[in-house]
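With the hints as constraints, model all of the structure from the sequences given.
There are 2 protein chains.
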Amino acid sequence: MKKQESKISLSNNELASICKALGHPARIMIIDYLKEVDECICGQIVDILPLAQSTVSQHLKALKKAGLIKGEVDGPRTCYCLNEETLKKFKQCVEKI
Amino acid sequence: MKKQESKISLSNNELASICKALGHPARIMIIDYLKEVDECICGQIVDILPLAQSTVSQHLKALKKAGLIKGEVDGPRTCYCLNEETLKKFKQCVEKI
DNA sequence: ATCGTATATCGTAGATATACGATTAATAAT
DNA sequence: ATTATTAATCGTATATCTACGATATACGAT
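Sequence order for the protein chains is A and B.
For the first sequence, the positions run -3 to 93 when the working numbering is used.
For the second sequence, the positions run -3 to 93 when the working numbering is used.
Among the hints, erroneous ones may be present.
Unchecked claim - Label-pair distances were calculated between CB atoms; the ranges are: (1) B:Lys87 / A:Glu32: 32 to 40 Å; (2) A:Glu91 / B:Cys77: 17 to 25 Å; (3) A:Lys92 / B:Ala48: 41 to 49 Å.
To be verified - Derived coverage of chain B by chain A (criterion: at least 3 residues anywhere in the stretch with Cβ under 8 Å from a Cβ of chain A; other residues may be distant): (4) 17 to 26; (5) 40 to 47; (6) 67 to 75.
To be verified - Straight-line C-alpha distance at most 27 Å; calculated DSS-like pairs for lysine-lysine: (7) A:Lys92 / B:Lys3; (8) A:Lys60 / B:Lys31; (9) B:Lys85 / A:Lys16; (10) A:Lys31 / A:Lys92; (11) A:Lys66 / B:Lys3; (12) B:Lys3 / A:Lys60; (13) A:Lys66 / B:Lys92; (14) B:Lys85 / A:Lys60; (15) A:Lys60 / B:Lys92; (16) B:Lys92 / A:Lys92; (17) A:Lys66 / B:Lys31; (18) A:Lys31 / B:Lys31; (19) A:Lys84 / B:Lys31.
To be clear, the hints were calculated from the coordinates, so they are not data collected in a lab.
All C-beta atoms, glycine included, are put in the ideal place defined by N, C-alpha and C.
Encoded structure:
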């Protein structure tokens, strides 16, 4: 399998990782918000959550690590959006449970 | 809303709780196994997982707390099965992400 | 060059999670 | 009554998570 290609399904561990990343209310809220606004910078997420900037940054890192979101550095900002590919696989996987 | 009735959807926190419960490979394996065998006693799960009985028992407790499984005491055994109602709601909720 | 803005990272305290062995509790079998 | 079986709970060690403030980094604007 080449680097660029991606698996159709998720391993047990991958699914668990994604679930774990979604296992916190703040991170669910971030996902919901990104769904709503399509894309945004970190500061906007800090504004809607009752959490410190550093804490939000940590949550974003966790979501990124699980492949649920993408972050693109744009000058001093970082623009975040959902990673639709991972979400799609996650949904397919959950459907089969 | 009466006690017996159940909500159609899940709150942010409920969804996070369910995801959290699924956020461990062993617990995903338990769910998979229960899907496969429909129902079983704790000891069978202990047999298929490389974990101590007490650890498996803890994982089962976590899944039960999240409402993902049901456990019925039957003499000295406990018979576990999936809680289809919660799973259904979870799937619906994930689909909407 | 300096300042301001946006965000990531560091350090840290306290809470949870995860694993295990030992123990307890409940029942079934002898 | 004693013993065996099954599973939950307790106690505990270690690891991870979650939150924060402080600091570092990167860049744009002045």
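request  = Starting from the hint list further up, note which numbers the structure goes against and sort them upward.
outcome  = Of the numbered hints, 1, 3, 5, 6, 8, 11, 12, 17, 18 do not hold.
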